[in-house]
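A.B. asks: Sequence:
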Amino acid sequence: MKLREIIRLPRHLLWALVMEGKETTQMLKTFARHGSGKLRLTPAHRHPTPEELREAVEQLKDIPRFLPFFVIVVVPVPGVTEGYALAAVTMEKWLGQKIRLLPSRFRHIFHPEPKEEDTPNPGQGAENQ
20 MKLREIIRLP RHLLWALVME GKETTQMLKT FARHGSGKLR LTPAHRHPTP
70 EELREAVEQL KDIPRFLPFF VIVVVPVPGV TEGYALAAVT MEKWLGQKIR
120 LLPSRFRHIF HPEPKEEDTP NPGQGAENQ
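Following this note's numbering, the numbering of the sequence shown begins with 20 at its first residue and continues without gaps.
Derived by calculation from the structure, the hints in this document are not laboratory data.
Heads up, some of the hints might be wrong.
Under the rule of at most 27 Å between Cα atoms (straight-line distance), these lysine-lysine pairs were calculated in the BS3-like manner [what the hints assert, rightly or not]:
| no. | residue 1 | residue 2 |
| --- | --- | --- |
| 1 | 112 | 80 |
| 2 | 57 | 80 |
| 3 | 80 | 21 |
| 4 | 80 | 48 |
| 5 | 57 | 41 |
| 6 | 80 | 41 |
Computed spacing ranges between beta-carbons, pair by pair [what the hints assert, rightly or not]:
| no. | residue 1 | residue 2 | range |
| --- | --- | --- | --- |
| 7 | 63 | 86 | 29 to 39 Å |
| 8 | 76 | 130 | 29 to 39 Å |
| 9 | 69 | 102 | 31 to 41 Å |
| 10 | 66 | 90 | 20 to 30 Å |
| 11 | 112 | 63 | 38 to 48 Å |
| 12 | 61 | 30 | 36 to 46 Å |
| 13 | 69 | 97 | 37 to 47 Å |
| 14 | 58 | 26 | 47 to 57 Å |
| 15 | 62 | 113 | 45 to 55 Å |
| 16 | 69 | 24 | 16 to 26 Å |
| 17 | 117 | 30 | 51 to 61 Å |
| 18 | 29 | 86 | 38 to 48 Å |
| 19 | 22 | 61 | 14 to 24 Å |
Values in this document were obtained by computation on a predicted structure and should not be read as measured data.
For each residue, glycine too, the CB sits at the ideal point set by N, CA and C.
Produce the complete structure using the sequences and hints provided.
C.D. replies: Pasting the structure below:
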């Protein structure tokens with residue numbers, strides 16, 4: 020990691036924490052609309068779409084992954100959350116896609132998607148050799 024990325028990491032983590040909370044609130048609203056639709060309390064046009072329900076289920080899967088990061092609010096012991104984050108990132112790197120311990124927003128911070136680089140011209144590679 021570059022120094023600039025390390026300096027910005029706490030801000031990114033706070034933003035990810037806020038976005039996880041927002042996504043969880045949206046999930047609760049989606050499930051509430053779905054439940055009231057099942058009870059026929061709301062009109063049919065207010066029912067959540069299948070895409071909204073799929074996103075809500077994915078967010079529901081994120082809640083157990085998010086709870087260890089929530090511990091810092093309840094138990095402000097230095098190093099607890101950082102240690103868990105380090106262990107989670109390390110295990111995800113070793114095991115690949117077999118196990119997911121980080122919430123989706125945190126995963127985007129610790130495992131950024133590679134940016135597409137401009138491919139060098141074929142002639143440039145031969146000159147360097």
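A.B. asks: Taking the hints in turn, state whether each one holds.
C.D. replies: Hints, one by one, checked against the model:
1. 112 / 80: Holds. Residue 112 to residue 80 sits at ~20 Å (cutoff 27 Å).
2. 57 / 80: Since the Cα atoms of residue 57 and residue 80 sit roughly 22 Å apart, the hinted pair holds (cutoff 27 Å).
3. 80 / 21: Between residue 80 and residue 21 the Cα gap is close to 32 Å, so the pair fails against 27 Å, i.e. violated.
4. 80 / 48: Satisfied, since the Cα-Cα distance of roughly 16 Å is no more than 27 Å.
5. 57 / 41: Given that 27 Å is the threshold and the Cα spacing comes to 24 Å, the pair holds.
6. 80 / 41: 15 Å, holds
7. 63 / 86: 29 to 39 Å: With Cβ atoms ~36 Å apart, the hint holds.
8. 76 / 130: 29 to 39 Å: Check failed, 22 Å falls outside 29 to 39 Å.
9. 69 / 102: 31 to 41 Å: Given about 39 Å between the Cβ atoms, the range holds.
10. 66 / 90: 20 to 30 Å: Taking Cβ atoms as reference, residue 66 and residue 90 lie about 36 Å apart, which means the hint is violated.
11. 112 / 63: 38 to 48 Å: Check passed, 46 Å falls within 38 to 48 Å.
12. 61 / 30: 36 to 46 Å: 39 Å, holds
13. 69 / 97: 37 to 47 Å: About 44 Å separates the Cβ atoms of residue 69 and residue 97, which means 37 to 47 Å holds.
14. 58 / 26: 47 to 57 Å: 51 Å, holds
15. 62 / 113: 45 to 55 Å: 50 Å, holds
16. 69 / 24: 16 to 26 Å: The hint (16 to 26 Å, Cβ to Cβ) is violated, given that residue 69 and residue 24 are roughly 38 Å apart.
17. 117 / 30: 51 to 61 Å: At 31 Å between Cβs, range violated.
18. 29 / 86: 38 to 48 Å: 20 Å, violated
19. 22 / 61: 14 to 24 Å: 52 Å, violated
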